[in-house]
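**Student:** Fit the two chains together into the complex; they arrive one by one in their own frames, and the hints show the way.
Protein chains in written order, with numbering that gives the first Met the number 0: chain B, 0 to 105; chain H, 0 to 175.
Worth double-checking, as some hints may not be accurate.
Said to hold, decoys possible - Each pair of labels, with its calculated beta carbon distance range: (1) B:Ala93 x H:Arg119: 55 to 63 Å; (2) H:His160 x B:Ala60: 41 to 49 Å; (3) B:Phe69 x H:Leu108: 51 to 59 Å; (4) B:Pro8 x H:Gly101: 31 to 39 Å; (5) H:Ala53 x B:Lys104: 36 to 44 Å; (6) B:Ala60 x H:Leu108: 17 to 25 Å; (7) H:Val102 x B:Phe69: 21 to 29 Å; (8) B:Ala96 x H:Gly101: 43 to 51 Å.
Claimed, not checked - Partial selection, computed: residues in chain B whose CB lies under 10 Å from chain H: (9) Leu49; (10) Gln57; (11) Gly81.
Bear in mind the hints are in silico, worked out from the structure with no lab data behind them. No residue lacks a Cβ here, since even glycine has one placed at the ideal position from N, Cα and C.
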Amino acid sequence: MNLLSQEVPLSWYLLLSAILFSLGVIGFLIKRNLITVFMSIELMLNAVNLSFVTFAHQWHAVKGQIFVFFVMMVAAAEAAVGLAIIIAVFRARATLAVDRIDLMKL
Amino acid sequence: MHLILFIVFAGFCLAGAINLLLQSHPINSALSLIVVMTSLAVLYLLLGAEFLAAAQVIVYAGAIMVLFTFVVMLLNAGREERTMGSRTARAVGFPAVVAVLGVIATVILQAQGLGVASLRDGITSTEELSKVLFTELLLPFEVTSVLILIAILGAVALARHGHGDPEEHPERTAGK
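Just chain H, with the same shape it has in the complex (with noise of 0.2 Å):
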């Protein structure tokens, strides 16, 4: 059962992962995206996760890319042109991707004692997740509030109505 699980959960995400990269219009790949997320929140449940599991349905694929679909949908983004690119990019970027991957794959293929993951094994409960972090790691816990806070005042303030308005900055795009 877990075989099976993992085999369609992980092709799921391999093969919105690709389709991403295939489409030209953004709105197909915020879908594949979303795709992606909902079987990877699966993986997480199959290996005890069960808090990340909601979360990463809620936070992820709800809320992050709902506001991807939304901005997708404001600006109107059509058909992306398809250039080759910079020449650095091919030149160093994928021969390097290919390395890295290479590297990781042999390290973990090679990796002694990795466990395996079954159905038996017990999921990791909420009430132990929230002992941890609300006793030991009450102060980083606290302090990502600040962030999110600070995170919703910086996206009010740039993307406030007349922020880099051409009227109203004729100065900034004069140059081009």
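Chain B with its partners taken away, still in its complex shape (with noise of 0.2 Å):
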């Protein structure tokens, strides 16, 4: 058996990102501690980044793979500022679960 010429469809990539992007959805929902909810973000973004990269491959496409440059970029100035705002907060409120940072809560 030729090892070079085995194949995997591309759908099991958008699979896999679409799994992914639901365990990140259902982290947002089931975590109670703000850091980790914020990683489940970054897992979603994660995920989305795995389907850019995949269609990059079957259009044979530069600019799917640029977009997905250009996301991480954003997504580094996002955790940068996010995390700064938990630091913010840690120090306003003293703790890091959810459910006690509801000031903004109807």
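**Tutor:** This is the structure:
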């Protein structure tokens, strides 16, 4: 058997991306720690990046990969600002539990 | 070879993501997320995106996750307390997740014309990528550098000591 000739359908990659995204959404819903909720958002961003790369491979297009590059840069900026906000919230309220950070809740 | 690598690293990805949900300590969740991101870098390489595989390891698994672990250790975040969450999340959120996953999976599995990936496919070289990035897409690239600069300033301003301090702003915490 020629190992180089093995093929994987691209739909498997897309399916993996969809499952990772759903796990991210579930994490966003069930986690009660502010930092872990933020990590779930990063997981969702990564899942979407995987489908971008898969479609870039499908259409032999470079722009899909460049879009992933931009998503990475925005995610880096988002992580820096988000974690700074988490530090500020922790200083003000001394807790990371999302149930107790409810000042804006109706 | 491609099939074996895909199955192994897709398995790592899913195991890491599920472990992220199951762990109750934030540092364990952060380490599982590093596993997910590194496995994704291998999957990018299998799809022929060599630059993105390197950037994934450096930017995500390196920079962003180091930031996360620093914050977890800085705030000394303990185990999270399990509560049931809001009723809306349970009533609307989980059925919505299942529905979205079902719709996406059906569409993907019925899609015609999706290709295959194998090790014989050429990889997209960094040269090709940079040619498009620095000619056609130069303006978005430069705008992103301004975005990063603003993010740095915002992060410093938000995390500066004394900002949001209860002693300095007693009215902020007085209500609760």
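**Student:** How does the Cβ-Cβ distance of Pro8 of chain B and Gly101 of chain H compare with 31 to 39 Å: does it lie in that range?
**Tutor:** Given about 19 Å between the Cβ atoms, the range is violated.
**Student:** Check the following: the C-beta atoms of Ala93 of chain B and Arg119 of chain H are separated by a distance inside 55 to 63 Å.
**Tutor:** About 57 Å separates the Cβ atoms of Ala93 of chain B and Arg119 of chain H, which means 55 to 63 Å holds.
**Student:** Should the interface hint for Gly81 of chain B be scored as holding, given a Cβ-Cβ cut-off of 10 Å against chain H?
**Tutor:** Holds, because the Cβ-Cβ distance from Gly81 of chain B to chain H comes to roughly 9 Å (cut-off 10 Å).
**Student:** Would the stated hint for Gln57 of chain B survive a check requiring a Cβ distance to chain H of less than 10 Å?
**Tutor:** Given a least distance of 5 Å, the restraint on Gln57 of chain B holds.
**Student:** Given a hint of 51 to 59 Å, does the C-beta separation of Phe69 of chain B and Leu108 of chain H actually sit inside it?
**Tutor:** violated (30 Å)
**Student:** Can the suggested window of 43 to 51 Å be confirmed for the beta-carbon pair Ala96 of chain B and Gly101 of chain H?
**Tutor:** Roughly 32 Å apart at Cβ, these two residues miss the hinted range, so it is violated.
**Student:** Verify the CB-CB distance for Ala60 of chain B and Leu108 of chain H against the hinted window 17 to 25 Å.
**Tutor:** holds (23 Å)
**Student:** Could you say whether the range 36 to 44 Å given as a hint is met by the Cβ separation of Ala53 of chain H and Lys104 of chain B?
**Tutor:** holds (43 Å)
**Student:** Given the hint of 21 to 29 Å, is the C-beta distance from Val102 of chain H to Phe69 of chain B inside that range or not?
**Tutor:** The hinted range 21 to 29 Å holds for Val102 of chain H and Phe69 of chain B, with Cβ atoms some 27 Å apart.
**Student:** Do the Cβ positions of His160 of chain H and Ala60 of chain B conform to the proposed distance bound of 41 to 49 Å?
**Tutor:** Because 47 Å falls inside the window, the suggested range holds.
**Student:** Quick check on Leu49 of chain B please, does its C-beta sit within 10 Å of some C-beta on chain H?
**Tutor:** holds (6 Å)
The structure fails hints 3, 4, 8 (numbered hints given earlier, in ascending order).
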